[in-house]
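S.K.: Work out the full structure, taking the sequences as your base and the hints as a guide.
Here the protein sequences come in this chain order: A and B. Just so you know, we're using the numbering used here here: the first sequence kicks off at 1 and counts up by one. Just so you know, we're using the numbering used here here: the second sequence kicks off at 1 and counts up by one.
No lab work stands behind these hints: they were computed from the structure. Just to be clear, a hint being listed does not mean it is correct.
As the list claims (entries may be wrong) - Derived list of chain B stretches under chain A, where covered just means 3 residues or more per stretch with a C-beta under 8 Å from a C-beta of chain A:
id : segment
1  : 191–200
2  : 245–258
Stated by the list, open to error - Listed below are several chain A residues computed to face chain B (Cβ distance under 7 Å; list not exhaustive):
id : residue
3  : V56
4  : M71
5  : K74
6  : P89
7  : H90
8  : F99
9  : S100
10 : G105
11 : A109
Don't be surprised by glycine CBs; every beta carbon is placed ideally from N, CA and C.
If you want the building blocks of each chain, they are given just below.
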Amino acid sequence: MAEVILENICKTYGNNFHAIDQLNLSVEDGEFLILVGPSGCGKSTALRMIAGLEDVTSGSLRIGGVDVVDMPPKDRDIAMVFQSYALYPHMTVSENIAFSMRLAGKPKAERKKRVDEIAKTLQLTSLLDSKPANLSGGQRQRVAMGRAMVREPAAFLMDEPLSNLDAKLRVQMRAEITSLQKQLGVTTIYVTHDQTEAMTMGDRVAVLKGGVLQQVDTPKRLYESPVNAFVAGFIGSPSMNLFEATLMGDELTVGAFAIRLQNAAFGRRPGLKSYAGRKVVFGIRPEDLYDSNLESGRKYQTIPAKVTSIEELGSEHIVHLSIDAARVDSGDPDAVQDFGMASNAVAKFEPVSAVRSGSEIRLALDDTKLHFFDPETHLAI
Amino acid sequence: MRKRHTTKDRLITVALHIALVAGLFFAAFPIYWMLSSSFKSNTEIFALPPTILPKAFTLEAYAAILGDPVKLRFFFNSYFVAFAVTVLTVLIALLAAYGFSRFNFRGKGSLNTLIISTQTIPPITLLIPFFGLVVSYRIFDTYTALILTYLVFTLPYAILLMTGYLNTLPRDLDEAVAVDGGTSWTALWRVIVPISLPGIVATSVYTFLLCWNEFLFALTLTKSASMRTVPIGIQLLMGQHAFEWNQMMAMSVLGSLPLLLIYLIAQRFFLAGMTAGSVK
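M.R.: Take a look at the structure:
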């Protein structure tokens, strides 16, 4: 076990494309850090650089206090779980798991003992003589985990290991990997583009965009205090609604309506006052918008909205709305374009909500949950 | 909904079947003729009208070939040269293909183009230069001459074939080996080679066939009867005064058998699925 420290790490490709720009990251001993971001943000490149599968253009990379920049992968004392699992197809589960020990010249008895231990932990004992082709997706994923665990490495590197599983299995494996990591206490860096995985699995989450680190924090703080509009939009599902408004006194003027701000809003964000009379970007999460006809929404101020479509999920309704406000793009290239011509906002309503598609409603919003960003820099105010 | 067959559809089907049977006859008859002639006496072969089935079934042609050490030597030579060239080709092509498939190096593109361009040169144009080289290096009428010459023709295509195959194997496997503590060499021999068997077998069969059937260079670069290969041996049965057709056919049958066996054995390797379960 060891800490992993990245200092000013850069990765530039031949065509002068900066895949990673000045990445500084410190992963503590035993910590579970999630690297998250949209496609092409450099998260996999960063992980591959830590693994030694990709050269570092500049910067320093230390694992357990040892500078590993010029070391081949085999000398870095890391284990990696690939997105594709990369199991050796001609070997049995047992041989797959024991392969690294075999290369290290460990005696057969020791290999068998260790493989049996791992198989027991991962519930693979009955499959040890099977070939990968005969395993299900979840079982293959476990074998890939076993292959990483067998070496007792200083750090685990996982590159979207759940992306090939179906939704149900993904939820199960998510919990299994988290509990396994806690049990083993090995420093783990986990790459994903799925913000649900990011929020539920890691001790801390590092959000990357365009090769630049945006924020590293606990899932809770990322959700509650995003440093910029990108993080605000990226973390949370559905994404935070971001709109442009003008701050007039203690009111946000948005198109044909206004949102009153309480004094506490200015107290929490002293910088907000300086935007008086100017444009500002405000954000509100779908879960902080309510159906004003329901008890939960009665205590909040309301704004006019038109329901464009509803997704009834059973436990909640995802309600797509059209409100008279200019939507702001968070800069997430992967953002689901669920805002058609008619809709520019999303709300999560309780399943008892009776709103219907096409109806004009009063949308209740919890103004204490508003987020504010600079319209130019998109930095949080 | 079931489609109704019209008379026109039926006529097309019948015509198609007639054409296929005609095609089959055209392709299979020479093989049948070779087989049946090998069991006839030379006199019966020259009989008019020709006999479709051997009237007097005889193994004399086979006995003449299998009982003649000189002719058996033709088989040994063909086997030895074809086997040696196949092993060397596969070994060199595998290493070259691994380099092309997995590494970036200066001149990779040009080298690749060069290899492809060698395929456009008709072998016969190289006959005289090769003859000159072989004589200069004092390897005329030796196995070395045949093996080195054949390698020149088999390697480019084998490299292209193997590179194409290795390109289909996920690079994650090489990286998994690297992380597991292995080198590129480990990845090649412990993982890539075992799962490349279909590619290796296809390359081997192609190479073996090319060597086994080769006539022109074997005729030019060897002289003594002890160095001749099967195709030359068959040709030698056409004497100035006598044509031993039944022996030629028997030798052709015996010469075709190894190829048939190789195909039968190699068949299962041609099936896809060696990498099943590896990724995703």
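S.K.: Does each hint fit the structure? Answer for all of them.
M.R.: Do the hints match the structure? See the list:
1. 191–200: Contact hint for the segment 191–200 of chain B vs chain A: holds, 3 residues under 8 Å.
2. 245–258: violated (count 0)
3. V56: Violated: closest Cβ of chain B sits about 16 Å from V56/A, beyond 7 Å.
4. M71: The hint is violated - M71/A has no Cβ within 7 Å of chain B, the shortest such distance being about 11 Å.
5. K74: Holds, because the Cβ-Cβ distance from K74/A to chain B comes to roughly 4 Å (cut-off 7 Å).
6. P89: Given a least distance of 4 Å, the restraint on P89/A holds.
7. H90: Since chain B brings a Cβ to about 4 Å from H90/A, closer than 7 Å, the hint holds.
8. F99: 5 Å, holds
9. S100: Holds. Min distance 4 Å.
10. G105: 10 Å, violated
11. A109: 19 Å, violated
Checked against the numbered hints above, the structure breaks hints 2, 3, 4, 10 and 11 and satisfies the rest.
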